[in-house]
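Enquirer: The residues making up each chain are set out below.
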Amino acid sequence: MKIRHLVWLRRIIQTFFLCLFLFLLVESRLSQDIYVDYSIAFSADNSIRLDQPVTFFFKLNPLIGLTSLLSGHSFIPGFLWGVGVLLITIFLGRVFCSFICPFGTIHHAIGSIRPALKGDRMIQANQKTPDQKIKYFFLLFLLIGAAVGLNLSGLMDPIALLFRSMAMAVLPGLGAGLRSVFDVMANSDIKVFNLISYGAEVLLSPAFGYNVQAYQTAWFIGLVFLIILFLNRIRPRFWCRILCPLGALMGIFSRVSLLKLKKDQDKCTNCNLCVKHCQGAASPHPDQVWEAAECLACFNCHNICPEGALAFTFTRQPKLNQKPDIGRRAVLGSILAGFSVPLLGRLDGRMDKIADSRLIRPPGSLPENDFLKLCQRCGLCMKVCPTNAINPTLGEAGMAGFWTPRLIMTQGYCEYTCSLCGSVCPTGAIADITTKEKIQRPIKIGSVYVDRGRCLPWSGNAPCIVCEEVCPTSPKAIYLKKETVSRPGGKKLAVQLPFVDLKQCVGCGICENKCAVKGLPAIRTISAGESRSLENQILL
Amino acid sequence: MKFDKPITRRESIRTLLRWSGYITFAGAAQWPLYTLSDAWATETNKGFIVEGFGQTDGFSVKELTKKVFEAAGGIKRFVSRGDVVAIKPNISWARHPRFAATTHPEVLAAVIELCQEAGAKRVRIADNTIHDARQCFAITGVGKVANETGADLVYPRSSLMKKMKLKGNRLDVWRVFTPLVEADKVINLPVAKHHSLSSLTLGMKNWIGGVGGSRWSLHQDIHRSIVDLAQFFKPEVTLIDAIRIMTRNGPSGGSTDYVTFKNTLILSDDPVAADARASMLFGLKPENIGYIHLAQKAGLGTYDFSKLEKKRVVM
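As they're listed, the protein sequences go chains D and S.
Under numbering that gives the first Met the number 0, the residues of the first sequence are numbered 0 to 539, in order.
Under numbering that gives the first Met the number 0, the residues of the second sequence are numbered 0 to 314, in order.
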């Protein structure tokens, strides 16, 4: 195979995996089209599940597998995919970065379709710099932190980061914009506009959500994403070279890679084309020593060299490549940070002392400590939640739990017959429970209480039974008592007063969601009573 | 009229008198028309009520549904060739049909098939559900019915909720689920079940699933709200599914302990009569149910069955 073909093969594979990623991203939803086979859910009491293997890229990602193993002492489902990727890295170097990684592909496209730098400035930007050590610092920090007990890898893992950014910020943002256009069209009096808007909505809502999707801190997730994309203007593939911890892991493994760049110094005319097109700043120039750990194996230098001075070849000799430039300071710094951040994360007491009443975890979540050891903050559970209840936390889970999932009941509620979030969790931080289990055990995520001062019948303002009506448990966790209360004017009013039976309540929050009292609902959900915790309980 | 000079008192009185004269005359001219149309209405407005009852074990719900329509004069009486028909079942809750919280899927399937036989251009299933619509479609069996019959299952998206004037006593401007008002013919297909506030959920209360917005506040004056909705939505016919009814812990239920089999279907073009007959299955008196009583007072129908043409189908 000629090298030119290999470069095209790379581009095709890159496009394929990017499309696959986007496809699985869009498929991470409860479909509403009527072409799906409903008979399963209908005939037996089986749980509704997604058709596509939406966690594929998370399985493929050895960093997620490794940190989960270090912190949670468990192999994630499908971790062998990740092992396979590492094996490929041992043979071929960082091909994952340039062939498979969808985030890498996005950077690659941004950097090469319209390069921000021209000529010598590009050559300058593509020289290897000491900054490239930073990614090893992040990698070691994340690994040590995970071993000590706090798994933060999802904050920086490229797959988790990309998924979170796309699902929480990019798609909902585009969706909100499109929806506002459709709403204007749908409300116009011109029939054609109505039809177009309905049609467009039907076509696009699978990708952008069936309703307006909102996520706490989504603006910040989007901002981080935009900044990371912008960094490509300073240096191509800034993220991959300098920040990506997964790239660092692959870099360490490519020390023994058998695919090596062979340089012929005599043929070199010093045109610097190889440096200009280098994706990884891996010193492809024949005067320099090739940095295997930085090389993304994109084959650009091999392809571009007009003199044939550069060639990727397999060598059988067991000769080690150039050592990854980790640096002592990065190691020391990462050890310090890796040990101290998990401890700092405990100082707000969220993990040990006080459970935040607002921290309602998805059904099937592990106890808080184990949860934080496994949660990648990837946002899959949030994307898949059909009511948009699951949101990234801000401070509710403390610093250690930033961007982990939490249910906001004024925004959605936990559907009684749904257990999708657990079925898609790539690491098992939310256990894959069946709907039957969820109902029969039952799995409680919290409990509710009535705010009598705000409640319409309790305060004598109006009769209302909405919370009791929507309560899904059987027998109902909210029951009514007939009573006569006095209206604000003093007249008598016959009402039914709602009471909560804490034994029955599962904390699904539909009562809070549907409560007629807006603003601060008159019935509210708190995390106390969640079955995953031994301590955070109310009843004996 | 000239405005460049001030109007004198005499002039203004004269103008006022003249205009009130025009209006009175125009109003009076309308009078014979109104009385005429009223007279026509009462002549043809002899409503009917058909009750289907499945006596034998394992009778076909589908067959019973079709027979009930036959007894009422056939589906062609309600649906013409080329019509867009909207069916409003009650599929508010993501519950299996055995819990009686939602319309029986076989009844729904039978009605869709009848409409298709009558030559309906399109049959749409539309309900603004309480639980997430996708879950409801899957678990209540409606999704399967739509799949098999080819009817459209309308997802209650926000752009389909349009502000409309209900012109009710209690409700003025409200968001309405448009497929239910844009269709040529509407068929109301509720399930009969207990409700903790309005005592029963039947046909007229089913229209709460036809509006959007902050409909939870409707519960603060539920009976009058239901009557307002019932005078806004005017179905061709109401078919109440009382094959099995939920007798307590409604409207969502969730246990077969609350379910009683009645094997009954009630079809009527009078929404009040249909609800009244169904309420009797629960051992209640129609006049004791707030919205049925108010609806008769508002002239939406009657629960005096002697005024109706009555039929009974037994299988």
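Among the clues, some could well be false.
What the hints assert, rightly or not - The calculated lysine-lysine pairs, modelled on DSS-like cross-linking and capped at a C-alpha distance of 25 angstroms, are:
id, chain 1, residue 1, chain 2, residue 2
1, S, 306, S, 284
2, D, 190, S, 161
3, S, 61, D, 190
4, D, 517, S, 261
5, D, 502, D, 481
6, S, 296, D, 190
7, S, 162, D, 517
8, S, 66, D, 513
9, S, 166, D, 480
10, S, 296, S, 65
11, S, 61, D, 481
12, S, 65, S, 162
13, S, 261, S, 184
14, S, 65, S, 166
15, D, 513, S, 310
16, S, 233, D, 190
17, D, 517, S, 233
18, S, 120, D, 190
19, D, 513, S, 61
20, S, 261, S, 310
21, S, 45, S, 284
22, S, 296, S, 306
23, S, 161, S, 65
24, S, 66, S, 296
25, S, 164, D, 190
26, S, 284, S, 75
27, D, 1, D, 266
It is worth saying that the hints were derived from the structure and are not from the lab.
Quick caveat: nothing in here was measured; it's all calculated off a predicted structure.
Enquirer: Give a verdict on every hint.
Expert: Cross-check of the supplied hints:
| no. | hint | verdict |
| --- | --- | --- |
| 1 | S/306 to S/284 | holds (18 angstroms) |
| 2 | D/190 to S/161 | holds (14 angstroms) |
| 3 | S/61 to D/190 | violated (37 angstroms) |
| 4 | D/517 to S/261 | violated (40 angstroms) |
| 5 | D/502 to D/481 | holds (22 angstroms) |
| 6 | S/296 to D/190 | violated (38 angstroms) |
| 7 | S/162 to D/517 | holds (20 angstroms) |
| 8 | S/66 to D/513 | violated (40 angstroms) |
| 9 | S/166 to D/480 | violated (34 angstroms) |
| 10 | S/296 to S/65 | violated (32 angstroms) |
| 11 | S/61 to D/481 | violated (41 angstroms) |
| 12 | S/65 to S/162 | violated (36 angstroms) |
| 13 | S/261 to S/184 | violated (28 angstroms) |
| 14 | S/65 to S/166 | violated (35 angstroms) |
| 15 | D/513 to S/310 | violated (41 angstroms) |
| 16 | S/233 to D/190 | holds (23 angstroms) |
| 17 | D/517 to S/233 | violated (31 angstroms) |
| 18 | S/120 to D/190 | holds (19 angstroms) |
| 19 | D/513 to S/61 | violated (35 angstroms) |
| 20 | S/261 to S/310 | holds (18 angstroms) |
| 21 | S/45 to S/284 | holds (23 angstroms) |
| 22 | S/296 to S/306 | holds (15 angstroms) |
| 23 | S/161 to S/65 | violated (34 angstroms) |
| 24 | S/66 to S/296 | violated (32 angstroms) |
| 25 | S/164 to D/190 | holds (20 angstroms) |
| 26 | S/284 to S/75 | violated (33 angstroms) |
| 27 | D/1 to D/266 | holds (19 angstroms) |
Hints 3, 4, 6, 8, 9, 10, 11, 12, 13, 14, 15, 17, 19, 23, 24, 26 from the list above are not met by this structure, while the remaining hints are.
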